Amino acid sequence: MADARVREARSLPQTAAQKPVPPLRPEYLRDVVADGDIGVAQQPLTLWQRLANQSWLRKLTILVVIAVAWEAYARALNNPLLVPTFSATVEALAAGFASGELPQKVANSVILLLKGYGIGLGLAMVLTALAMMSRIGNDLLETLTSGFNPLPAIALLPLALIWFGLGDISIIFVLVHSVLWAVALNTHSGFRSVSTTLRMVGRNYGLKGPRFIAKILIPAAFPSILTGLKIGWAFAWRTLIAAELVFGVSSGKGGLGWYIYENKNMLDIPAVFAGLLTVILIGLIVENLIFRNIEAMTVRRWGMQS
Amino acid sequence: MNAQGGPAPLLQVQGVTLQYRTEKHLVTATYRVSFDVYGADRFVLLGPSGCGKSTLLKAVGGYMAPTEGSMRLKGAPIRGPGADRVFVFQEFDQLLPWKTVKQNVTFALESSRKLSGKAAEMQAMRYIEKVNLAKFADSYPHTLSGGMKQRVAIARALAMEPDVLLMDEPFAALDALTRRRMQEELLELWNGTRFTMLFVTHSIPEAVLLGNRILLMSPHPGQVKGELNSDGGDPVDAASGRKLSERIHEMLFADRIEEQEVVRHG
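From first to last, the protein sequence lines stand for chains A and B. Under our numbering, the residue at position 119 of the first sequence is numbered 119, and the numbers go up by one with no gaps. Under our numbering, the residue at position 222 of the second sequence is numbered 222, and the numbers go up by one with no gaps.
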């Protein structure tokens, strides 16, 4: 039967005969294995693979390597005034924490930072909401961000000191400036990239104005907003330390920047390094504990970011 | 009741011309389109791409105002989007990715202030069960397949119990097998609840299968070519001896031949 069909296919006109013809195969049907009969096909990962999958472990390894390299270099250099060893820095750090001086400075800095960050976020929210609700608000935001975003916040400090005097308010002012534009810019671009379909869905169910922004735009633009929050945080942190280095005694307490500056003046270089290390540690904690967890609970859970 | 004593149309579209502005042109999407949709109709807008059927649906949804003509729902003119006309879009991203299946449905009910709290949740689950997704009520949309996402969108729209369901090629982005099953499920749902729907498609088999009334449109700009009845079985017309789908194909195809001739003579 099959042979006959193959012959039929081969006995096509001459031109066709020279072209390749796929072989004719018999048809078949079979029963598939029932769903429950197939065991779960999976193999446990080895211990090494599981450890290598932990991002915190990989990052810790990097930090350990850096610390070891630092220790080796400082010992070889043998000049504690230029580069103290890692162990001496850790000792200074421990001493600073033990005496309660360093935690106090950290608290001063962080409280100031949170005030500036909070006010900056609030203003950014108002500005972007205005920008989404009216054309003139949009123009206002675009003009202000393009003008002020490139302006380093620290450049406003001398002016702020004239306006507000040597106090927390001056530092909060520059902090707000450093946070506001970065967050507003990212939030606004996030809002504008929300898909037309989602916007139409929101309006279809009767959402307008502030409810539309809160229920559709903010969650839909959350990946961009989160990026803005991170950038704003980094800007604010940098600005704060720099501002404190310049006018740290503003309110008589001083923060981390002032701690670094003061210890440099007293040539206590391990303490300077301890101050710098604290700045870095706080950055790592905020990024890896706070922002990473926010990401895991929001954008990654929603499948908006892998 | 109208003058003839029959039921009054639910949705009346009369002489609607739709225009939108692009960077350089003023485009006329539809020209003086009129039709009436009655309660429990499965009214299909069928035509090739560029005939303005999707634009027309957006206008009925209230997203754009006609430059000419009027659109009335239950006698009242349509002004802006509203929850009495719920959309099901072609795009899978119509579900809010930050909400689970159930939350997506309750969101619609609560945002439109139709129901709230426990009542919204019960209504949501009732319709999620109707589209056979009860097992996935707490899943996030990105974990669902395309067909499941569209079923959620349909459940969300039906849970609103709108006057008319506006469907903009909801199955066009699905694979052929899933599309086929979704069409059958939609008909079953209609059998159960008898909602009114306005369905846009460019697929003749889909129009014949789903519609009880098919509005044929010609392109550039969109104009009405006629309205046909369908019983879903692609019946043979007694007069011409042809199947419904063949007649539709010819009517839509005739345009293209005429266009070619015009080009040749021109």
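Bear in mind the hints are in silico, worked out from the structure with no lab data behind them. A few of these clues could be false.
Computed from the model, here is a short list of chain A residues facing chain B with C-beta under 7 angstroms [what the hints assert, rightly or not]: (1) S193; (2) V201; (3) R203.
Fair warning: this is a prediction, and the values are worked out from it, not measured in the lab. Backbone N, C-alpha and C define an ideal beta-carbon position, used for all residues, glycine too.
Hint-by-hint comparison with the structure:
{"no.": "1", "hint": "S193", "result": "12 angstroms, violated"}
{"no.": "2", "hint": "V201", "result": "5 angstroms, holds"}
{"no.": "3", "hint": "R203", "result": "4 angstroms, holds"}
Checked against the numbered hints listed earlier, the structure breaks hint 1 alone; every other hint is satisfied.
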